[in-house]
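Asks: Here is what each chain is made of, one letter per residue.
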Amino acid sequence: MPRFTHQIYPLETGFHGPTRPIPNADLVKQYEFDSFVPFKNSADNSDQKLHEIAQQIRRDIIRELVEAGSGHSGGPLGSADIFATLYFGGVMRYEAQNPWWPGRDRFILSAGHMCPVLYATLANAGFFPKSELLTLRKFNSRLQGHPGRDMGLPGIESSTGSLGQGLGIAVGMALADKHVDKNGRRVFALTGDGELSEGEIWEAALIAAHWELDNFTMVVDRNYCQIDGRTEDVLKLDSVADKFRAFNFHTIECNGNDISELRAAFAEAKSVKGHPTCIVAKTFMGQGVSFMQDDYRWHGKPPNKEQAVEALKDLA
Amino acid sequence: MPRFTHQIYPLETGFHGPTRPIPNADLVKQYEFDSFVPFKNSADNSDQKLHEIAQQIRRDIIRELVEAGSGHSGGPLGSADIFATLYFGGVMRYEAQNPWWPGRDRFILSAGHMCPVLYATLANAGFFPKSELLTLRKFNSRLQGHPGRDMGLPGIESSTGSLGQGLGIAVGMALADKHVDKNGRRVFALTGDGELSEGEIWEAALIAAHWELDNFTMVVDRNYCQIDGRTEDVLKLDSVADKFRAFNFHTIECNGNDISELRAAFAEAKSVKGHPTCIVAKTFMGQGVSFMQDDYRWHGKPPNKEQAVEALKDLA
Amino acid sequence: METTTKSGILDNMTVATNGAQIPAFVTNGKKATRFGFGEGLVVLGEKYENVVVLGGDITGSVMTSYFKDKFPDRFFSMGITEATATLVATGLALSGMVPFFATYGAFASCRNTDMIRISCAYNDANVKIGGGHAGISVGEDGATHQALEEMAIIRVLPNMTLVVPCDYLETKKATIAVGEMYGPAYIRFGRVDVPSFTREDTPFVIGKAQIFKDGNDAAIIACGPMVWESLQAAYELENEGIHVRVINMSTIKPLDRQTIIDAAKECGAIVTAEEHQITAGLGGAVAEVLAQESPAPVEFVGVKDTFGGSGKADELMKIFGLTSSDIKAAVKRAMKRKR
Amino acid sequence: METTTKSGILDNMTVATNGAQIPAFVTNGKKATRFGFGEGLVVLGEKYENVVVLGGDITGSVMTSYFKDKFPDRFFSMGITEATATLVATGLALSGMVPFFATYGAFASCRNTDMIRISCAYNDANVKIGGGHAGISVGEDGATHQALEEMAIIRVLPNMTLVVPCDYLETKKATIAVGEMYGPAYIRFGRVDVPSFTREDTPFVIGKAQIFKDGNDAAIIACGPMVWESLQAAYELENEGIHVRVINMSTIKPLDRQTIIDAAKECGAIVTAEEHQITAGLGGAVAEVLAQESPAPVEFVGVKDTFGGSGKADELMKIFGLTSSDIKAAVKRAMKRKR
Ligand SMILES: Cc1ncc(C[n+]2csc(CCOP(=O)(O)OP(=O)(O)O)c2C)c(N)n1
Ligand SMILES: Cc1ncc(C[n+]2csc(CCOP(=O)(O)OP(=O)(O)O)c2C)c(N)n1
Ligand SMILES: [Mg+2]
Ligand SMILES: [Mg+2]
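Residue numbers (our numbering), protein chains in the order written: chain A, 1103 to 1418; chain B, 1103 to 1418; chain C, 800 to 1138; chain D, 800 to 1138.
One thing to keep in mind: the hints can contain errors.
As a list, the in silico DSS-like pairs of lysine-lysine whose alpha-carbon atoms are at most 30 Å apart [as the list claims (entries may be wrong)]:
| no. | chain 1 | residue 1 | chain 2 | residue 2 |
| --- | --- | --- | --- | --- |
| 1 | B | K1403 | C | K1117 |
| 2 | D | K1111 | C | K1131 |
| 3 | A | K1338 | B | K1372 |
Hint data in this document are derived by calculation from the structure and do not stem from the laboratory.
Just so we're clear, the structure is a prediction, and the values are computed from it rather than from any experiment.
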């Protein structure tokens, strides 16, 4: 039986006019973005190597944000180790040079506001030139303030930014892979913890468990911070692990700023049969930058020039 | 400091024109609706008495539905014991003759489609003439197909019918009572089990637990049935109790067709401090009517005339 | 009458085109449009292996049950999770499927509005949403279940396609057409039996209106089952010597602007007829085009910014002013306003 | 000029009424309308003990933080649960409170549409929803956060009141007025600083439009910060001898139909200006009234059925055609179409 087919990726309908933002040439030189050689995605990368990559991602997050003049620092810095493990620890299958390779695993950033870490990760993996990181949030940039699929940025599978939506999209992808195409692909998604208060998270959880999507792994960035304060003050969420267990997920708690624990968690997730997996990764917002560490006030602020210098020192 | 005040109850804006449906006079006589004396709400009502009231409610549900020619049989019959206990077992405080008495406890039917049981309960408590039950679902009836607050029917606190909404409304009422007016009022809500798949249920649960609404008691009509089939086939929900426990509710499981177990559950709920309570009441859809018992196909169907005769025999 | 053959619906009425009395409801019988949706899905399922359907626990009411029975491996139950079912459909679409999710229109457009806006429309995902139980004719279930706002809500979202077919057969065609186009789309259909009057050879093209009856004294622009009511009104008016054009605006977005502009220029008076709020729906869309292109008097037939209520379908259609006689009166009002 | 005193905003511009060049932005400075909302809530909190506010985890962006700091006992954090926060507000309202829930407009109108429809509107519950971050001027956050559809979505729902004040001070007045009326209401405000030009004595009445500048060559009907852009356009047109009326349509529902009809009759050409999709919003509402009452050519200034994107606020306003010069051009197009 034939398929109804149509090109899905890349979509490039989001540009308004021909102008494109041009990266600041001095910074491109200063950061040596031109000469950058992408990191390799390999299970052999040592924990040490992945830690270095995570620090590199953090430095690039700072560079993105100070240049953008707005955007989210805390969550991206806190989750850099998760991204380093996913993209460089051999967890996800992808071809940076062939970004829309049909066989690729899928990653959906449900917490769309955390896109600076995803952009930095993709650039460090060679999906697009690192210099483009300096166009974050500028008019007609492929690096939108929240991921916009309509800009065709390699590695961006879906638009997100409205909390609670990405998870259901990822579940739909896992459903297609496991029950229709049966192609052995794995689907990953990352949510914030404040984001868990959106009811669609729990609807998606019911659906993922009902359909036994063992090809689906979600990570909760459990940093106990959201915009208005500590999560337990804004809306009590503990115990997140108990909740996902009660929703019939295979649930793993780990230190989300520890590469080896993350690696073990993803390995365990891969081995589970008949249940989706939720990795509750305990992180610190702003991890690695002393004056941002564990401070919810850095949820949505960029560093100013002086703070950026400080931050890059901490991350050197 | 003054309050901004305005009449809230009753609202009567939902009538379209002056015509009102007239109950079938023969049936009113046949059912002896005219001479009916309302039941008393009292903690002293014996379990036996409450059981009789529940059976009376069931008979009236059949009468409502066969006359309406459409509507929901299964859930209402299955939950009649819950309503008998709530309204006649001294659990809820109300004055049927003074239905909008400010001191009344509140009840919200989140599963709006189950209104035939609420209407029958209210009529048997004397909120309005039993003959009006025969106007269910007719044009300009105060007994709408789903509860319509705009018809001003005594005892209807809110319009419901879109699943998953009533619970949040009840939580808001409990919040007002506990944290603003501090008036010692209790708020009750009933949801279906299929209804639990709506994410707003879990948002409301987070909010109720966060604000420690121990004046709030919700009952889940756990009949394992919804429109498309058994709940575990449509979307797996077990364990409902584990889920509410993980959401920091005081959770009680009981036989929802057993008056004494229901009584004990409501008594326990009243004694809990610092947590909202969820009573997971295991019921049978269509309870009491042999050919409807535990059969999801009776979710949304009324009995025809012959079936009604059969049903009333079973319930005699 | 050229358009009668073009539109291919009227040979059971040709008597009417010369002004004679026509028997009301000379049709191919009555059938609810939701059956056209259900059958259209089966046709798509037979044609394409990647058409999948998501159930919202009312598969028997919106007739996704047909697909479920025929293609159980491509039917996925989502429970009662309209918002997330829409997101799951998005994920399926981004993985190359052609997913249909259907439930009652009130929930298919309001319970998931943010999801349609961002995950379907902004994402340009190939998600198809079926909204059943459209309009006041839902009947006894009452106001909560009577969808009267979806056309406004879907129409305002960029990238969306919105089709509102007029009878059972056109709904079947529209469902297939929606499945064979790329992009997020919403199809609106109803619960109760309504006259079937279009034929196999009646053309249906997304974005193209059909002139079902010619006339230059006034034009009725209608969608859904109100098209039949409009034809009734028009043929009754023929007896009074009033020649009214009847336009089946089966696509609300993208809108066939030219047919609207021509109607205004050639007829000078417009009536819109929809089983929807008169605010921001078909009437609003037509008013916007005319204001921009060719101002003309318009009379709106629809629900007048109120909620519905329980009652029998036909009883409610009368009470809420949605019958052929309401349309007739509106035509006369509109003609009086001609300049 | 009678209306200048009536509307009480123009004495810093009276030069302009006789056609002279006016300095752009002769204002009382700039301030975002969201601050008016935040301050209005505090005034209400001081006045009534039963005014309560629900937080949606962005209290610092929609300025409910003012109320939170002043009345911590009447502020309730709901986390990120827009749908259920709307339901909790309903429960509070049915218990006699005057609850305000505010978040970004995209989520205050789309994430809870079914809740607003059934629990607030159908229920006629006294719920007040504040929708911030309205329009493209949200800037860098991009399309998901740029609310451009709320006016259509709220306007189509029966029983709703929808106000869209034009500057900081009017937003403060509107917030208080919304708190002192009974019934479900939505108030729309923005993130970025915009000119403050109304005065304490500028009247604000829900349901009543204000004529901010007289003129009979054409009329601009605008809402929100687009009113200031319209005044700029109008005063620049005075230099070309074109006398344009500027109407502040600060309430979208219930709509001040008479002021619209008068404008059409007296000016013969209309321009609508809104930081919203041109479909089904203010332009649509005006087009509906004119089609029913007094057909006239209308040019729509607004976002043309596309999503937004990241960028600087002023940059985006230019690119999406939402500046005074876009309005000026629209006025000239509309006047050309006069009959
Ligand atoms: C539906 C929706 N509501 C509100 C917002 C605004 N918002 C963006 S991030 C955020 C806080 C999210 O907290 P969390 O998930 O813990 O992320 P973190 O602060 O840890 O980065 C909020 C409320 C949004 N983007 N989407
Ligand atoms: C938001 C919403 N979606 C769908 C429906 C249609 N509907 C009415 S009842 C029902 C099934 C509910 O199942 P359950 O809560 O178990 O009630 P029961 O069948 O046991 O009476 C559905 C899907 C609705 N009323 N509201
Ligand atoms: Mg967090
Ligand atoms: Mg059930």
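Asks: Now, for every hint given, state plainly whether the structure supports it.
Replies: Hint check results:
1. B:K1403 <-> C:K1117: holds (26 Å)
2. D:K1111 <-> C:K1131: violated (52 Å)
3. A:K1338 <-> B:K1372: holds (23 Å)
In summary, the one numbered hint that this structure violates is 2.
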